[in-house]
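2 protein chains.
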Amino acid sequence: MNQTIETILNHVSVRSFTEQALTEEQIKQLVTAAQAASSASFQQAYSIIGVTDPDLKQKIAEHAGNQPFITEGGHFFVFCADVNRHKQLAEDLNMDISETIEGIDAALVGTIDATLAAQNLVIAAESMGLGVCYIGGVRDGIIKISELLDIPEYVFPVFGLVVGYPNERNDSKPRIPFEGIYHTNRYNSNTKEILKQYDETTKLYYENRSGRKSSRTWSETAIGSFARLPRSFMKGFLNGKGWAKR
Amino acid sequence: MNQTIETILNHVSVRSFTEQALTEEQIKQLVTAAQAASSASFQQAYSIIGVTDPDLKQKIAEHAGNQPFITEGGHFFVFCADVNRHKQLAEDLNMDISETIEGIDAALVGTIDATLAAQNLVIAAESMGLGVCYIGGVRDGIIKISELLDIPEYVFPVFGLVVGYPNERNDSKPRIPFEGIYHTNRYNSNTKEILKQYDETTKLYYENRSGRKSSRTWSETAIGSFARLPRSFMKGFLNGKGWAKR
Numbered sequence: 001m002n003q004t005i006e007t008i009l010n011h012v013s014v015r016s017f018t019e020q021a022l023t024e025e026q027i028k029q030l031v032t033a034a035q036a037a038s039s040a041s042f043q044q045a046y047s048i049i050g051v052t053d054p055d056l057k058q059k060i061a062e063h064a065g066n067q068p069f070i071t072e073g074g075h076f077f078v079f080c081a082d083v084n085r086h087k088q089l090a091e092d093l094n095m096d097i098s099e100t101i102e103g104i105d106a107a108l109v110g111t112i113d114a115t116l117a118a119q120n121l122v123i124a125a126e127s128m129g130l131g132v133c134y135i136g137g138v139r140d141g142i143i144k145i146s147e148l149l150d151i152p153e154y155v156f157p158v159f160g161l162v163v164g165y166p167n168e169r170n171d172s173k174p175r176i177p178f179e180g181i182y183h184t185n186r187y188n189s190n191t192k193e194i195l196k197q198y199d200e201t202t203k204l205y206y207e208n209r210s211g212r213k214s215s216r217t218w219s220e221t222a223i224g225s226f227a228r229l230p231r232s233f234m235k236g237f238l239n240g241k242g243w244a245k246r
Numbered sequence: 001m002n003q004t005i006e007t008i009l010n011h012v013s014v015r016s017f018t019e020q021a022l023t024e025e026q027i028k029q030l031v032t033a034a035q036a037a038s039s040a041s042f043q044q045a046y047s048i049i050g051v052t053d054p055d056l057k058q059k060i061a062e063h064a065g066n067q068p069f070i071t072e073g074g075h076f077f078v079f080c081a082d083v084n085r086h087k088q089l090a091e092d093l094n095m096d097i098s099e100t101i102e103g104i105d106a107a108l109v110g111t112i113d114a115t116l117a118a119q120n121l122v123i124a125a126e127s128m129g130l131g132v133c134y135i136g137g138v139r140d141g142i143i144k145i146s147e148l149l150d151i152p153e154y155v156f157p158v159f160g161l162v163v164g165y166p167n168e169r170n171d172s173k174p175r176i177p178f179e180g181i182y183h184t185n186r187y188n189s190n191t192k193e194i195l196k197q198y199d200e201t202t203k204l205y206y207e208n209r210s211g212r213k214s215s216r217t218w219s220e221t222a223i224g225s226f227a228r229l230p231r232s233f234m235k236g237f238l239n240g241k242g243w244a245k246r
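As you go down the protein sequences, you meet chains S and R in turn. Here the first sequence is numbered in full-length UniProt numbering, starting from 1 and rising by one per residue. Here the second sequence is numbered in full-length UniProt numbering, starting from 1 and rising by one per residue.
Chain S extracted, bound-state conformation (with noise of 0.2 Å):
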């Protein structure tokens, strides 16, 4: 096994930061390797945001899940999905792109080239050492931080990334056995005798696990979530910034 796939295999989400910076140098690193991504048309269609400023952290981070980690030593990127430079350049150039970045389908190329480039960020950071959390909880305050980072229309913060020296680390939970991800030629929808095989190992891994324990199986945990957290504010959000309209 080569040292890239042994990083990606030993990935696991960091939840304490020490207090150490990363320097300029590491984030410009970081960001290149982000941008050698793929892109979807090689449109570029995302944007990142450093938040250095101590205040404007801490208000993200409370309207974000209140998660006090983000506050910690690392560095916080915002990732965002961002058409407004085509939509400014369409403008410069006499077209109009309107029936397509308003679409819903804009709105999947802008998240999808933004999480190419987080990923990217992720593997080059954890093969520096460093430990990262993504931060999903940013859509969950997605209008109050939009608003704190003077987010324009055709731009929306699709999540957020700590990156930072860990503290310590969690144990790798374990995944939904091959099977039940990988199908082939056809979907394959009868993966509940896997899925219920699948909730008695992780029964098992989080009764077990060093931090926090707890007796509950992956589909009462992933379903708990799934109904705590319908988001049903973003249809509108979306809508307000000119994406997903159509």
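Possibly wrong hints are sitting among the right ones.
One copy or two, either will do: identical chains are not told apart, so a pair holds if it fits within one copy or between any two.
[Unchecked claim] Here are the simulated lysine to aspartate or glutamate pairs, EDC-like style, with alpha carbons at most 16 Å apart: (1) 213 x 99; (2) 245 x 99; (3) 235 x 102; (4) 235 x 140; (5) 196 x 91; (6) 192 x 92; (7) 57 x 19; (8) 213 x 171; (9) 245 x 153; (10) 173 x 200; (11) 241 x 200; (12) 241 x 102; (13) 57 x 6; (14) 213 x 96.
Hints are computed from structural coordinates only; laboratory data are not their basis. Because the structure is a prediction, the values reported are computed rather than measured.
Model the placement of chain R on the given structure of chain S, informed by the hints.
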């Protein structure tokens, strides 16, 4: 620079593959790497379909922009957003998650999870000397391709990915300058000058690259593809599968 960052920075899309197929072991290793990625609230809201049947692959290629290299020796993966299994599990747990999974945020969650997994697979593949190409064109033919793959409700194909042994490699395209993508503390809407310089850089690149030459700028290329591909059928398709209805 470590091996992993070198792999990441050397990425190019490969559009010509030898006839050598991936082994079952390689496929398993790649999917395991994909599964090691983070997942929003650990919901693992994605599935991967490997298309090996030559007839099926040929038909999908025709609907996905008819790019001939899809049917070459590489392995063809289709990454799907998937909350179908969560819907089934919620019913077993007597919970109603319709409001969540039918909201637009769930479509983002599934897209993010599929993309995180895919990018892990890409970097693992490239670290093994393989070449890759994302096929966003799968969404051009999403209606027909979903029929061919037996895609049920609460699942949709996000993109395809070809992974195989490269026959030839393209040059690496220059990206938007760092300052155009990375903003500090607040979104910076004034990137017009940076993008103007970038257009000069890309024009020179396209005029001099080893493959198909042209004298277009990045703006013209990116805006042109937005204008060409509104994918205005996407909302109807997604709604029909239960997604993004509210």
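Now for the hints, and whether the structure bears them out:
{"no.": "1", "hint": "213 x 99", "in the structure": "neither (50 Å within a copy, 30 Å between copies)"}
{"no.": "2", "hint": "245 x 99", "in the structure": "within (9 Å within a copy, 19 Å between copies)"}
{"no.": "3", "hint": "235 x 102", "in the structure": "both (13 Å within a copy, 11 Å between copies)"}
{"no.": "4", "hint": "235 x 140", "in the structure": "within (13 Å within a copy, 24 Å between copies)"}
{"no.": "5", "hint": "196 x 91", "in the structure": "between (54 Å within a copy, 14 Å between copies)"}
{"no.": "6", "hint": "192 x 92", "in the structure": "between (54 Å within a copy, 10 Å between copies)"}
{"no.": "7", "hint": "57 x 19", "in the structure": "within (15 Å within a copy, 51 Å between copies)"}
{"no.": "8", "hint": "213 x 171", "in the structure": "within (12 Å within a copy, 50 Å between copies)"}
{"no.": "9", "hint": "245 x 153", "in the structure": "within (13 Å within a copy, 22 Å between copies)"}
{"no.": "10", "hint": "173 x 200", "in the structure": "within (13 Å within a copy, 47 Å between copies)"}
{"no.": "11", "hint": "241 x 200", "in the structure": "neither (44 Å within a copy, 30 Å between copies)"}
{"no.": "12", "hint": "241 x 102", "in the structure": "within (9 Å within a copy, 20 Å between copies)"}
{"no.": "13", "hint": "57 x 6", "in the structure": "neither (32 Å within a copy, 32 Å between copies)"}
{"no.": "14", "hint": "213 x 96", "in the structure": "neither (55 Å within a copy, 26 Å between copies)"}
The structure shown violates the earlier hints numbered 1, 11, 13, 14.
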